[in-house]
Structure formats: structure tokens, C-alpha cells
Amino acid sequence: MTLRQVGTAALLGVAGAFLASCATGPDPQIARRAQTELVGMPKDRLLACAGVPARQAQAGGREYYTYVSDPGVAVSPLGGSSIGVGGFGGSGSSGVGVGLGFGLPFGSSSPGLCEATFVLGPGGVVEQVSYPGNASLSACTPIVQNCVPPVPR
Numbered sequence: 005m006t007l008r009q010v011g012t013a014a015l016l017g018v019a020g021a022f023l024a025s026c027a028t029g030p031d032p033q034i035a036r037r038a039q040t041e042l043v044g045m046p047k048d049r050l051l052a053c054a055g056v057p058a059r060q061a062q063a064g065g066r067e068y069y070t071y072v073s074d075p076g077v078a079v080s081p082l083g084g085s086s087i088g089v090g091g092f093g094g095s096g097s098s099g100v101g102v103g104l105g106f107g108l109p110f111g112s113s114s115p116g117l118c119e120a121t122f123v124l125g126p127g128g129v130v131e132q133v134s135y136p137g138n139a140s141l142s143a144c145t146p147i148v149q150n151c152v153p154p155v156p157r
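For the sequence shown, counting from 1, position 142 maps to 146 in the working numbering; every step adds exactly one.
By construction, these hints were calculated from the structure, which means they are not laboratory data.
In this text the structure is predicted, and so the values were computed from the model without any measurement.
Glycine residues also receive a C-beta, built at the ideal position from the N, C-alpha and C atoms.
Keep in mind that the hints are not guaranteed to be accurate.
With a Cα cut of at most 20 Å, we get these calculated EDC-like pairs of lysine to aspartate or glutamate [claimed, not checked]:
| id | residue 1 | residue 2 |
| --- | --- | --- |
| 1 | Lys47 | Glu131 |
| 2 | Lys47 | Glu67 |
| 3 | Lys47 | Glu119 |
If you anchor each label on the Cβ, the simulated ranges turn out as follows [unchecked claim]:
| id | residue 1 | residue 2 | range |
| --- | --- | --- | --- |
| 4 | Pro136 | Arg66 | 13 to 21 Å |
| 5 | Gly65 | Arg157 | 37 to 45 Å |
| 6 | Gly55 | Pro154 | 14 to 22 Å |
| 7 | Ala61 | Arg157 | 36 to 44 Å |
| 8 | Arg157 | Arg49 | 19 to 27 Å |
Construct the complete structure from the given sequences, taking the supplied hints into account.
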């Protein structure tokens, strides 16, 4: 295998891994499952898995904890950067180059934010988990993903 072929293979491998990481996003089923599976969860467990809520309120003997997720300001695992490898050169000489690029989100739109509200009853347990009607469940998943047990396989 020539140096050029190695460089091309490396580029394809890195590009494939990068594209695969972009193709996956938060699973909306996790947010959907949270609406039933978290009912009955004690307040201390909720705070342990979801953290401190953005807002809290009390009314009618109930507590309302609201958590906010905004994927538009989330940082990607690669920080908006990409890596490239390529070969160059003509007959008699060749080389391999490596590049690193950074993208800026000019003109991009946020896929939407989510506000998840947990209603805790007088016993201090979750009675309801609700999301706004226009919320993307994928945007809501980061709020509840640490609280929802994985599906057995």
C-alpha cells in the first residue's frame, strides 16, 4: 500500500467516524418513556439524576421543578471541529497532509429548546412529567436521560 493509499484510507476512516457521530442524536423514546417511568420517583432521586432545576415553584401542596435544555447552545464532542487527511503530489513525489478545521454557526438555527416540568405531590414523589406541546422530544432527552433506566436487551 502506498503512502497515498494510506492517507486516503485514513481520511475515509476519520470522515466515516465523524459522520456517524453526527447521524446519531438524543433518542426521543427516552423522553417519551420518562413520562411514565419516572412517575413515583422520590424527590431526592430526581435531584440526584437530573440535577438542580432551572426554576422551582410551589402551589396547591405540590412542587414544580422545571429543567431547561437548549440544544442550540450545546457543545459537540469535537467542539465544532473536523479533521482531514489527504494525499498530494505528482509523479516521483508524494506526500500526506493533515488538516484541522473549525466551524462557526453563522446563520444556523437551533433545533429547539425543551422545558421539562416535574410535578411532585405532597408525598415528595413525581406525579407527572410534562413537556410543551411544540417541544422536540429529542431536545427533551438530555434532561431526563440520566434518570431513565436503559432498556434491557
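Results of checking the hints against the structure:
| no. | hint | verdict |
| --- | --- | --- |
| 1 | Lys47 x Glu131 | 11 Å, holds |
| 2 | Lys47 x Glu67 | 10 Å, holds |
| 3 | Lys47 x Glu119 | 18 Å, holds |
| 4 | Pro136 x Arg66: 13 to 21 Å | 19 Å, holds |
| 5 | Gly65 x Arg157: 37 to 45 Å | 41 Å, holds |
| 6 | Gly55 x Pro154: 14 to 22 Å | 19 Å, holds |
| 7 | Ala61 x Arg157: 36 to 44 Å | 39 Å, holds |
| 8 | Arg157 x Arg49: 19 to 27 Å | 24 Å, holds |
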